[in-house]
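Trainee: With the hints as extra help, turn the sequences into a complete structure.
Residue numbers (numbering that gives the first Met the number 0), protein chains in the order written: chain A, 0 to 446; chain B, 0 to 446; chain C, 0 to 446; chain D, 0 to 446.
Mixed in with the good hints, there may be bad ones.
Copies of the same chain look alike in the list, so a pair counts if it fits in one copy or across any two.
Unchecked claim - Calculated cross-link-like contacts (lysine-lysine; reagent style DSSO-like; alpha-carbon spacing at most 30 Å):
hint : residue 1 : residue 2
1    : Lys339    : Lys313
2    : Lys338    : Lys316
3    : Lys316    : Lys58
4    : Lys70     : Lys16
5    : Lys414    : Lys346
6    : Lys70     : Lys316
7    : Lys300    : Lys338
Hints in this document: simulated from the structure, not taken from any laboratory. Here the structure is a predicted model, which is why all the values come from computation and not from measurement.
4 protein chains.
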Amino acid sequence: MDFDSIDTTVPALGKSKIQSPIRADSEDTRRLFFVSDQDRVIIDINQANLEDRIRRGQKIPSFEAAGPRAKIYFDPSKLRCALVTCGGLCPGLNDIIRSIVLELYHAYGVHQIYGARYGLQGFIPAYGHDFMNLTPQSVTDIHYMGGTVLGSSRGPQPIEEVVDCLERMNIRLLFMIGGDGTLRASSLIVNEITARNLKISVVSIPKTIDNDIYLVARSFGFETAVSVATQAIVAAHNEAKGYPNGIGLIKLMGRYSGFIAASAAIAQQDVNFVLIPEADFDLHGNGGLLDAVEKRLQERKHAVIVVAEGAGQKFFKDKAEARDESGNMRLMDIGRYLKKEILAYFKSKNMDTTVKYIDPSYMIRSLPANSSDNVYCSFLGRDAVHAGMAGKTGLLVGHWNNQFVHVPMSASVGKHKQVSPDGTLWLNVLAATGQGRLKNCVMGLAS
Amino acid sequence: MDFDSIDTTVPALGKSKIQSPIRADSEDTRRLFFVSDQDRVIIDINQANLEDRIRRGQKIPSFEAAGPRAKIYFDPSKLRCALVTCGGLCPGLNDIIRSIVLELYHAYGVHQIYGARYGLQGFIPAYGHDFMNLTPQSVTDIHYMGGTVLGSSRGPQPIEEVVDCLERMNIRLLFMIGGDGTLRASSLIVNEITARNLKISVVSIPKTIDNDIYLVARSFGFETAVSVATQAIVAAHNEAKGYPNGIGLIKLMGRYSGFIAASAAIAQQDVNFVLIPEADFDLHGNGGLLDAVEKRLQERKHAVIVVAEGAGQKFFKDKAEARDESGNMRLMDIGRYLKKEILAYFKSKNMDTTVKYIDPSYMIRSLPANSSDNVYCSFLGRDAVHAGMAGKTGLLVGHWNNQFVHVPMSASVGKHKQVSPDGTLWLNVLAATGQGRLKNCVMGLAS
Amino acid sequence: MDFDSIDTTVPALGKSKIQSPIRADSEDTRRLFFVSDQDRVIIDINQANLEDRIRRGQKIPSFEAAGPRAKIYFDPSKLRCALVTCGGLCPGLNDIIRSIVLELYHAYGVHQIYGARYGLQGFIPAYGHDFMNLTPQSVTDIHYMGGTVLGSSRGPQPIEEVVDCLERMNIRLLFMIGGDGTLRASSLIVNEITARNLKISVVSIPKTIDNDIYLVARSFGFETAVSVATQAIVAAHNEAKGYPNGIGLIKLMGRYSGFIAASAAIAQQDVNFVLIPEADFDLHGNGGLLDAVEKRLQERKHAVIVVAEGAGQKFFKDKAEARDESGNMRLMDIGRYLKKEILAYFKSKNMDTTVKYIDPSYMIRSLPANSSDNVYCSFLGRDAVHAGMAGKTGLLVGHWNNQFVHVPMSASVGKHKQVSPDGTLWLNVLAATGQGRLKNCVMGLAS
Amino acid sequence: MDFDSIDTTVPALGKSKIQSPIRADSEDTRRLFFVSDQDRVIIDINQANLEDRIRRGQKIPSFEAAGPRAKIYFDPSKLRCALVTCGGLCPGLNDIIRSIVLELYHAYGVHQIYGARYGLQGFIPAYGHDFMNLTPQSVTDIHYMGGTVLGSSRGPQPIEEVVDCLERMNIRLLFMIGGDGTLRASSLIVNEITARNLKISVVSIPKTIDNDIYLVARSFGFETAVSVATQAIVAAHNEAKGYPNGIGLIKLMGRYSGFIAASAAIAQQDVNFVLIPEADFDLHGNGGLLDAVEKRLQERKHAVIVVAEGAGQKFFKDKAEARDESGNMRLMDIGRYLKKEILAYFKSKNMDTTVKYIDPSYMIRSLPANSSDNVYCSFLGRDAVHAGMAGKTGLLVGHWNNQFVHVPMSASVGKHKQVSPDGTLWLNVLAATGQGRLKNCVMGLAS
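Mentor: Listed below in structure tokens is the structure:
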């Protein structure tokens, strides 16, 4: 990654002058507890690179550390906040909502907290969705349930109407929890707010079960997703072993990146082939997938294949490109395509095989978070509140080098983190599967 | 059920003359412990019916009780046994295999136990599958894994070749674990054995995740299946609530009967419509499913539908009837059909809906059994061994009125147990869902 | 069991004259759906026993079938009901509460439903606990949580004050969910009601995680308990194998009967010794437990022991007998006693061992029910409502020969179901553990 | 932490001259894939601190990055390796064993791999334990089981005899997986090896379920432990709510640090008091724990307390200090002590309370790792192999700033990572529990 080009400056609405209501026991504690804007986290922690920079007199790129500030921008007693969740479900949404509400209410004393229903639709009067009042009471048990109590929706809404609604309701702090499209919408909302010269802060918490947010090492719900994905692998493995030449085929989430597929295949080492968007592969020909599966069946009588939903999209190149309501490129169904191709291939070879196809997507997305994600979401939500109360805007709360940080939206929007074909994750996958490099699998060229 | 027409006589190869090697502590214990063929379990336990029979001088239908016999037919030191698992995976297969092997080996001292690989294919030389030697050591941990260590396959094989193989290998006791098709095959094998005047016993353990075996109250794996099906319901419910007019649609197992669908909907009471083969329903028109779903959405903004795979097959009547390799009628995919119809219906009404479709079938079938099924399978396997060692044949080990019993294959083969439309199970479903009777839903007429 | 002495007549407050508001579709359905008091379930289903009775002209003992009656006793629009949960926690309490409330409300239209807080304390003004209003809304999600939303308590309360409270509040139908002590209290309350000539119905749902209710084949929460108990066995097994001469010792619930210990040991076959109240055993001497464990360690280097809490109480005979607040005999802690004795024994033999002791009791009791118990509780609750609405009283809702039945309190109170030492459950345990009969283990003599 | 005093130089047996057998596709890939000793990870990533160092001309502390080296020290075809697991069980032990064996065998071609049985006892002839041959076949399924297939033991063994055994068996590479005591033993073994001028490499993988290894951000098994600890909290919460003035008390692991207690209380936010070794507290007096619990009961009628096993040891100061066989200070049982004190306190106040005490320790330690720890262990094991094959010794494989690194044993041995009283973890706990600072709770003074 080219760290030099990253703009790491987080916008702010103005100077923070109000004493934070968060109590610190003593001056000593205070100093340790509160985070200042001068607390910054180095992005590139390779020592050689760093010394190189020092030698060349280059600046050292770093992110602002997340955490509570001693002075805040908004007056808690007057502040009205809103939360919105957008896009597909992801384990942890309710944890984030709960964490934000509890921190606003108990730590800062903000009592006017509104939940927009069904994503950005909630701001558009035409849909007629009422806002929810969010209180500690109303969120106390929501993290036991998957999904989002606010509801969600896909697709863009007129940015002006969203900002109109914020103005009309006098919302001064907006928390947006969503993926790619939501990040784009957040940026546009910030622009519109700036254009209108309003003092409204927008803080994003990036949501993608795929774990592909650029400049964010871990996204919430990912650990939970991997955990359940391993159950699908166990199932596929049992089905594959259960029949002569049995093939278990699992499609996992991963539009642009194969993090779930790769991690699940390491966590449950019963997989023989992992196909991800970052690694091109051929189906046919010597060294292609079908050839490799055939060899595997001859040796071991069964095979398990994991394919990320964004893999192998080149096979659909002739088809018109389409985009869904959120503006994501509409992916062709590589899972069912592979099933069809595998069946046709072995039929043509007069080889009896059984293909069991598993698509656990909705059973993963709708789960409550596991305890690791519970803890992670608790931190994310609180840090989003700290950032917002300090009047910061146009940022997302990220995680880098094991620290929570502020990442300007502009630095992350429109880009994707990907599995590096020469990194330890993928090399660990190659070791765990023994799949080798499939023909035409020139890794590192995926975009 | 017409209990009078049931033939409850279990065939036997001959007189049991050998003392059972199972130790009993004393004569007293002995009397309590061993089961005699005179121990029979009354089938119809309604007192009024019974007294009616007594009045009319009719016989009282009963099943032979399962359990260890004091005298056995086969000499354990010489006996060679085989096990085979056929058809689709079902939680508990490995438990049954393990239980049979341990009981044969430890309780009776039978040490020559062979596992046929990949279902009936294992008996056909052309496939070239070797038999597995089964020992306590080789089966000790298999119940932690789903699937079957023997492998399975669908489809019939030439009965003569199967019996040839039994003769050639000198197998005198065969345990067949499988569903409908396997029961049919078992009967044919018994006939062929009889025709050849051989002394080979065939004992079936009926396997159907659908819980639809005629004259068997509970089939192994069913409790496990319901348990996981509830997770799919939770997922569908979260997805449905997550979007405006969200619809969660789950297809569950159940070719001829809706036991899984009905039980899961009671266990996880988030379902609004349960569609099963036993209850006809219309899609269109006033009171049809689509109309009912629309009303539900208007009232509550989301809906959850569970459909058993065998429901609504009338919608495909024009299509040619096909049968799969096991001879089961090939079912059309009611799940995807409903999804398509629902989407089309609401599109025609200009009503924005989201349909999330979940088919957890393979994630359920391939699981290890839960503890309730572990216990149940442990009993089933032992009782199958007791029956076989006593020289009984042409029977399946069943469960009736909370007792393990011997059911002659002839009494059960080719029939299905179904959800009674006026029984407490379905009425409990109606109460839990509030779905009412859908239009044209004349229950009790399903065959 | 001596079935002849069982009084199976269920008391009733009076004649049921009101048409049930439960809709039946047609006369045909009606006939099938409603249960009449003439529908009775035969208790002893052994055919030989039955024919013997017929020959001798004896009556055939049977229980009244549970289920909805066509005519009911109480007018739903005026009826006030109360629910109370007593004694220790058990998986499924909230399912039962929910099922009763939903059935009362939706099926019968009873809208005045009160929950007594903290067991019988809730009826005693001195404690100052307010009643809870129970509505479909307030119980909708409670089954996701373990424990009881009503709270519970142990110990008797003055019966007169309880009945005073029922009179004062005009409660006419009381559902009592509890164990031994509660059943005793229920009987006394019924007597007091009768003495005062009141028309108040009391319906019990027997709760005992131990599964030892006399004349009830299965009690709710038991399947869940066994399921979690197996996890403790897995843990103990891993700890035992982890160290030289490692011993895993697990204490499981079971005051008077070893059903949980026995079933868990069959479900998770890693146990070498199962100790239950029904089977006497010696610690010391040739063939005693310590001797047997030593032999096991010499052969296999590790051992797993499961002890039911009521086992081995003879070792404490010198100590004064005490009873807890619920009137149960206070059991001495056999788990810690065994740990101490085992350590002392091997120390005296200079044999290094490691003993890991696990007592999972509270982690089991406080769980939500699993799906099998969810379904079971749903039925239990509904059938309790049907019984109560029909004006029946002094009964508990039981399960016998796979049917829900009405058991008069008088027939069950003060007795315990036990594991039969010559029955298939215990014989299956002996096979699964290979433990043999320990010295002085004269089974069948336990009371 | 004083990073300057950390010696970060990793010892090595000699120069690595052998080409690694790990294939790289091309020169390009090669450059990216292999890690050089010049790849170092900065320890302190605070930018201000860093710039301060640069200004002062101080060196920048860093750890050597873990990973495969292009040149290795040992000749795989001749190398004999050994693995040993010591101390208490921890989820992931079998994953680590499996990962090491598979990487040695498949990636490097090392085929002579021996497992020492029962910890360091395995090296001492007097115990008579045979070594296990470890092959890909023998480890293929071990990660499904908790515990360690090698067995373990506590306590020191004569270092000379251990090294004698290594010499005798010609073991040149030893992997030691264990905690505190094992790290001390590792250091002594390295010293003895050096003193004897042997070329034997010792690589440690630090194991502590407590997550308190100095200079290691995350230890394997910790995520799994937190996950199960939350179940104990749910149980305690249900028990507490179930009775008037109910108190749930859970003792969790944590000898010197409260990471599990703190994380579990955040993951499952039903806890009202978290007591950890790092935070002193009084029991009695105004503002003491008992006073605070009483206030909580008065307000909410129930309370949940989590105590780490190392908390409150000051209450036992009079008692002689003892150490266990591994040399750890023997902790007094704070859980049972608190239970006793709480009961006595409320008895003295004539306040009826119920205390339910849960100690889930062995049910946590003996579990298989969850998927997050599966992945983590897979990396740890491989990186240990890479380090060992490169002839590095006297190091442990750690994780810092989200990177796997080599930490010299000397830098970590004898120290403990602790929960910072002013860090975000503890502050998040304070927010989640609302417990405030208990009297005399001067955090940050714990040693």
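Trainee: Does each hint hold? Answer for all of them.
Mentor: Going through the hints against the structure:
{"no.": "1", "hint": "Lys339 x Lys313", "verdict": "both (16 Å within a copy, 27 Å between copies)"}
{"no.": "2", "hint": "Lys338 x Lys316", "verdict": "both (18 Å within a copy, 27 Å between copies)"}
{"no.": "3", "hint": "Lys316 x Lys58", "verdict": "neither (43 Å within a copy, 54 Å between copies)"}
{"no.": "4", "hint": "Lys70 x Lys16", "verdict": "within (6 Å within a copy, 58 Å between copies)"}
{"no.": "5", "hint": "Lys414 x Lys346", "verdict": "neither (41 Å within a copy, 34 Å between copies)"}
{"no.": "6", "hint": "Lys70 x Lys316", "verdict": "neither (54 Å within a copy, 43 Å between copies)"}
{"no.": "7", "hint": "Lys300 x Lys338", "verdict": "within (17 Å within a copy, 36 Å between copies)"}
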